[in-house]
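4 protein chains.
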Amino acid sequence: MSVNFEGRLWSREDLLGRFRKVRRRTEELAAPLSPEDQTIQSMESASPVRWHLAHTTWFFDTFVLSMHDESWEGVDPSFRERFNSYYQGVGPSWPRARRGGLSRPTSEEVREYRRVVDEAMVSFLSRSTGSARWWAAVEIGLEHEGQHQELLLTDIKHGLWSQLGSPVYGELRRRSRPAKGGRRASWVGFQSGIYEVGHGGPGFAFDHEGPRHRVFLEDFEVASRPVTCGEYLEFMIDGGYDDPQWWLSQGWEVRQAEGWRGPLYWEDRGTDHGDAQWQVYTLRGWQEVNRAEPVAFVSFFEADAYARWAMARLPTEAEWEVAAATREVEGHFAEEDLFHPRPVGGAPGALHGLFGDVWEWTGSPYVAYPGFRPWTGVLGEYNGKFMCNQYVLRGGSCLTGREFLRPTTRNYFSPETRWQCAGFRLARTMS
Amino acid sequence: MSVNFEGRLWSREDLLGRFRKVRRRTEELAAPLSPEDQTIQSMESASPVRWHLAHTTWFFDTFVLSMHDESWEGVDPSFRERFNSYYQGVGPSWPRARRGGLSRPTSEEVREYRRVVDEAMVSFLSRSTGSARWWAAVEIGLEHEGQHQELLLTDIKHGLWSQLGSPVYGELRRRSRPAKGGRRASWVGFQSGIYEVGHGGPGFAFDHEGPRHRVFLEDFEVASRPVTCGEYLEFMIDGGYDDPQWWLSQGWEVRQAEGWRGPLYWEDRGTDHGDAQWQVYTLRGWQEVNRAEPVAFVSFFEADAYARWAMARLPTEAEWEVAAATREVEGHFAEEDLFHPRPVGGAPGALHGLFGDVWEWTGSPYVAYPGFRPWTGVLGEYNGKFMCNQYVLRGGSCLTGREFLRPTTRNYFSPETRWQCAGFRLARTMS
Amino acid sequence: MSVNFEGRLWSREDLLGRFRKVRRRTEELAAPLSPEDQTIQSMESASPVRWHLAHTTWFFDTFVLSMHDESWEGVDPSFRERFNSYYQGVGPSWPRARRGGLSRPTSEEVREYRRVVDEAMVSFLSRSTGSARWWAAVEIGLEHEGQHQELLLTDIKHGLWSQLGSPVYGELRRRSRPAKGGRRASWVGFQSGIYEVGHGGPGFAFDHEGPRHRVFLEDFEVASRPVTCGEYLEFMIDGGYDDPQWWLSQGWEVRQAEGWRGPLYWEDRGTDHGDAQWQVYTLRGWQEVNRAEPVAFVSFFEADAYARWAMARLPTEAEWEVAAATREVEGHFAEEDLFHPRPVGGAPGALHGLFGDVWEWTGSPYVAYPGFRPWTGVLGEYNGKFMCNQYVLRGGSCLTGREFLRPTTRNYFSPETRWQCAGFRLARTMS
Amino acid sequence: MSVNFEGRLWSREDLLGRFRKVRRRTEELAAPLSPEDQTIQSMESASPVRWHLAHTTWFFDTFVLSMHDESWEGVDPSFRERFNSYYQGVGPSWPRARRGGLSRPTSEEVREYRRVVDEAMVSFLSRSTGSARWWAAVEIGLEHEGQHQELLLTDIKHGLWSQLGSPVYGELRRRSRPAKGGRRASWVGFQSGIYEVGHGGPGFAFDHEGPRHRVFLEDFEVASRPVTCGEYLEFMIDGGYDDPQWWLSQGWEVRQAEGWRGPLYWEDRGTDHGDAQWQVYTLRGWQEVNRAEPVAFVSFFEADAYARWAMARLPTEAEWEVAAATREVEGHFAEEDLFHPRPVGGAPGALHGLFGDVWEWTGSPYVAYPGFRPWTGVLGEYNGKFMCNQYVLRGGSCLTGREFLRPTTRNYFSPETRWQCAGFRLARTMS
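Residue numbers (our numbering), protein chains in the order written: chain A, 729 to 1159; chain B, 729 to 1159; chain C, 729 to 1159; chain D, 729 to 1159.
A few of these clues could be false.
[What the hints assert, rightly or not] Selected chain D positions facing chain B (in silico; Cβ < 8 angstroms):
1. Ser799
2. Gly828
3. Pro895
[To be verified] Estimated spans, in silico, between C-beta atoms of each pair:
4. C:Thr1145 to D:Arg843: 45 to 53 angstroms
5. A:Arg826 to D:Arg746: 54 to 62 angstroms
6. D:Ser977 to A:Gln984: 27 to 35 angstroms
7. D:Asp1065 to A:Pro823: 43 to 51 angstroms
8. C:Ala1004 to A:Arg826: 25 to 33 angstroms
9. A:Gly917 to B:Arg1101: 15 to 23 angstroms
10. C:Thr1145 to D:Gln919: 35 to 43 angstroms
11. D:Arg843 to B:Lys749: 41 to 49 angstroms
12. B:Glu995 to D:Arg989: 46 to 54 angstroms
13. C:Gln1007 to A:Gly1105: 35 to 43 angstroms
14. D:Arg746 to B:Glu847: 47 to 55 angstroms
Since the hints were made in silico from the structure, they are not lab data. Nothing here was measured: the structure is a model prediction, and the numbers come from that model. Idealized CB from N, CA, C, for every residue including glycine.
Isolated chain A, as found in the complex:
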């Protein structure tokens, strides 16, 4: 059976299959972690793993079962508040900064919560024949869980690294290809004109990806690949972190206050004789910085400062999307279970590494597209209310599930944040 709703068409079997797969994957990602690992919260922006496991379940509980399934009795009335992230329309939510203070429900009880909700969801999905409006909510719930799979990895990486001795998430497999010296990046040009960007058409997309609309772009060029660790090291060696001329004023303040000397997760294990020897913490342990890999875990401020130093700039998100429209969505994603970027590059004159490996900071503040309408109801809070003091990132990373990424996907973070797997590529305006 298939259902059609506001232009989206689902087959019951597909949705059921996808539901099972997504839910299973989340649990697999949490599996290597002890109850203690699942409880800690290393900073206000990060959430405990247990919270991710429960919140993604809460999403189906709240927006599907509670709203559409009359037979649903719920699991625990306190969960409504406990696992509400920020939806004012649902009522109060337990403060984000104190998620790490919750020891209940335990990991096992969270597992049980997932089991009960999954059972109810599968049953409901199997028999529901009524209005298909809620099928949309199921799909959003799956996309939502996909985002949290990435956050789970992002947060646990920060949580493990923050500890004495920086324990690992999983065994280190020797995998980094020897650095190939790295072909120099080249510029790929695009001509001025009216372009269409944003999501339109039949597939799923978040509300803020649309509507599809026209933009005018002046002539521009985009680098063939993201900036690598080797290139970024040159910026560091050239004193980039000590020279305010490259930095936005706010960026310089943050850099001073935080004492940044390199990307997050980098550590100088240099000798006393002065040579820096940079190691990088990965989910599988410390390893030497590989100059051919795209630099990752940098803030917008660092990306922007590097670009200025390199006499270039970051692409706007429209430019990025126009450039990316010329390529297939393929690359290195979370399915490979590597969870660290791989060296990128390839034939000159073409674009490489747009998708996967690292999210790419764009120079565009996160704003609504012309004609943007948030989803109706409480889910309208999903994106729209965060359109302030954030920058757009594009293209997904090695922590992103391939199936959750579209060429129009808009990710967004504050310019000072660094714990998401973000790098960048350069652009410039031709003169």
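Following the hints, complete the assembly by docking chains B, C and D onto the known chain A.
Positioned in the frame of chain A, the structure of chains B, C and D alone reads:
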């Protein structure tokens, strides 16, 4: 004699005359204020009046005399750091938050500093025949001083209001026209297409106003006039400050933390029986809120929340500029010495109040135009390094000098700031 | 075999027996708690249960085995820093505020750490024949662990209460005796003169309990029992929390900032008609406030304000000790596994409830006794360096192990802290 | 005419004369300062000079004229709140942290306020024949103003030093005697026994100086003079600021957070070759540190750390007072207008420098004496409510007026404060 430099043409007489006029005006604005009034700093964002008087002088001292006049010996070597606002290229600057801790030089000594620099400037302007490159710096210095004239009024208003009893800057003249009930605003439409915006051509403009470039705009409508106090009161009465659904997430946090219940400078002097009676603090004292005046001294967050509540949005800065290009730059500016907005409105179907009265928040984060190049040298720090987490305002206010405003002028502030004279007008995308 | 060291005499069998008992008790206290419960840290002052379990083990590892047992190889070199609370002489210590960020070692690994150290300790205790200096360290380690048994309960109470729904540590047994209306307290008088206070003689005591020394006390009276919840409620009803005249200036600031309206763990479940109905959170769940119980979990500031309101004051610690010297050390301690104060009182004219139930705030800042010498070596950091901005509490509580309390025991906390089980009794100077 | 009240006896002429003298002196101290100097507030703990001038006047306005003189009409009703320091019984008070935000009344208006109140006071003092209760308030007002004369100098010193270039209060007179190498300090012993301390008898004293009462002191020794800069330098050179073993735990935290390397107002102008050359900022400008002067402007934490390093301790306040009772109250006070300590010392075996030059930190937290009763009414807030987290200082300084100091005077500050003119002397318990 006239001088031509990079496309700008100045006559020596004009520049001399303008220099004298601008410098005199600044002193007139400070004249009603005692040495004590000129010393206080009411918050980190505001600066003491004495500092404005000295810093504008420092600008000519540093960027004109010290760089171009070999005979210039300077006044006090400590001034270089003391009155440097933020130019890293000039060396260290005394911390902004501690400007109010400086009791030296005294008001009288600052006056003397101005006198000596003015004398040197007039002499140099009168005799200089060499390279005209520095004439550009003189003009920038004058535009810079124009901006500080507005800041001086903005800051002293906050400084006086912050005190017990809220003393006044000058005598209250009974002036507000009786509220006329206020014609309802109407929508003025513009068609989709490619438009040109930004500064081009011969006159002065700040670096970030250019280059002139093309943008594509979808069909849009702009309100015929800014939102009035009367309309804003309806938002307040409807519980707008208590309902998170209208607010950006960050805006709601600020509103909660600060306990906002209305615009800055508004105070409810209502009776115990519950009727609110809003008074507003002006530089000339407290007066009843006039429903026909444009609402002023609101943050971007409040403007944005109001717009959402009114089923509209703020115009982008490109939309604003396209709309404003249809009107003359005329309105109520600082030259009238009223320093408070006047009721606006007029014939339906036309645009009113675009210039003067209140700056208008746009929905556009402050970013570089395509092809933007900061001024060369230290003055490149003037604008570019602030392009982060700020929103653009357009159109000038009753605290802005008329001569310092262009249709392309871009003002910018953080979205939570309220002490600048800012209101807003609505826009919408036609569907 | 017995060992004599600096006046202390131990029998090997006694020490071995005591070691086994104390270590077992700690584990029993942690047993009801899941790994998640053992991981959370609800505020900077509190520590995770896992940390208490490991730190008390670290104490023996560091100060006994590592220093005295040459065959000891240690368990994990990172533990030295990881579980160091504050001993600068031992090297760096992991920051207290971030103890809740450590997910490693897990609860199970901590259990194993305890097992290995216990085995080594028992073996060493059984065979050691050399210098007896380290027997002192063993005894300190046991007293230290006794203190942490109390802290474990104190901290987990705060950690559970801080959560949504305030889960319990154990089953609620219906146990509070019906409130008996409570005999009024009476005054018990002592005459002026020179008294001896502080520890002297053969038994164990912490360094700061001595030396025994003379003090002169003017005539004073001490209340026959601690202030009860019923009496404290009168203070609350009389507006005690809203009247600054009763409060120390710093106390008033804290009360304002924190919004205190009653003791920590009290919650008003009153009806809309206005009558307050106070419930109190205990380790076994919420129950109605029992007017006959001593009030507990109040700060020094509240105790002091109450005393002023009651036209009295708190006793000095010398007065308290002189009064307490007239009674046996008996009362309601942690051995009863009730973990909540019981109603106190008894025959008029006598002193009741000095020991057990609630620690009693004294009016004495925590300072060194005349002639105080800290323990030699690193253990000198145990108490001396905290003699600043703290107040002394006396008498132990229902969370204190009976065996760890002496009439000379000095507990100390900052005046604003409330999460320890502290009440108070009144005193006055006769005129 | 003379008046007798609660044991105090005043002659009208004496009081009138003293009133005139004290009021004049305050104005003389402010005279060298511009209106700008009188407006700044360099930190929350310090107050603007204008505020001191007005607040001391407010004291007579509020506690004498408004309460006792029916003909008094007041000057400005807003002054009641504006210049209230902290008396809750008088109503609200303008926040201390924002005193520097008040530009009104101006210096001239404050002068006028003083003039009007002085006139009314002199008139009232000249004619009053009724109840003498208010004569006590006049005397308290004068002692109060004496304290503020010292605070005025203390605060303006901090305010001037905090500025770029550290301007001076007055001309530097070359005055420091050449350092005499400094006789070593010797110990002066006192025998154990019951002593009487605290104020008793006919003269004025603050409430907290009494009642006179008995204390028992064990044998103790006190150093013959305060610790000198030369001795303190040895502590610094020995790494005293880098070794936590000497510091209280809270002291070490402050030292780390603030980056202390020496006393406040000291600055190392050493050469690159490494030798430190310490200069000290005085109200008359920078000068070389004189090794023979008592060290000044150190916190309790530094005094306590030094004492530990020197294998000694600070005297208790009772010990200090017992020792001081053997000497006349004479020394170097503010009347000499030097405002900086002079070298101290003298014949061995005797006590020197107890009074004047520097306040001496004692090891005693500030608590009530046995039987302490605060003054009745609002003035009861003068001292009592500050008895928390402060330490007692004794003996006055070169900024204290001689007439305002008694052997029983108790000054008190938080242990981390350094901007008052405080040094210390050593003590020890004989064993």
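Here is how each hint holds up against the structure:
1. Ser799: violated (26 angstroms)
2. Gly828: holds (7 angstroms)
3. Pro895: Holds, because the Cβ-Cβ distance from D:Pro895 to chain B comes to roughly 5 angstroms (cut-off 8 angstroms).
4. C:Thr1145 to D:Arg843: 45 to 53 angstroms: For D:Arg843 against C:Thr1145, whose Cβ atoms are near 50 angstroms apart, the range 45 to 53 angstroms holds.
5. A:Arg826 to D:Arg746: 54 to 62 angstroms: Hint holds: Cβ distance 60 angstroms, inside 54 to 62 angstroms.
6. D:Ser977 to A:Gln984: 27 to 35 angstroms: holds (29 angstroms)
7. D:Asp1065 to A:Pro823: 43 to 51 angstroms: violated (58 angstroms)
8. C:Ala1004 to A:Arg826: 25 to 33 angstroms: holds (27 angstroms)
9. A:Gly917 to B:Arg1101: 15 to 23 angstroms: holds (20 angstroms)
10. C:Thr1145 to D:Gln919: 35 to 43 angstroms: Given a distance of about 40 angstroms, which is inside 35 to 43 angstroms, the answer is holds.
11. D:Arg843 to B:Lys749: 41 to 49 angstroms: holds (42 angstroms)
12. B:Glu995 to D:Arg989: 46 to 54 angstroms: holds (48 angstroms)
13. C:Gln1007 to A:Gly1105: 35 to 43 angstroms: The hint (35 to 43 angstroms, Cβ to Cβ) holds, given that C:Gln1007 and A:Gly1105 are roughly 37 angstroms apart.
14. D:Arg746 to B:Glu847: 47 to 55 angstroms: holds (53 angstroms)
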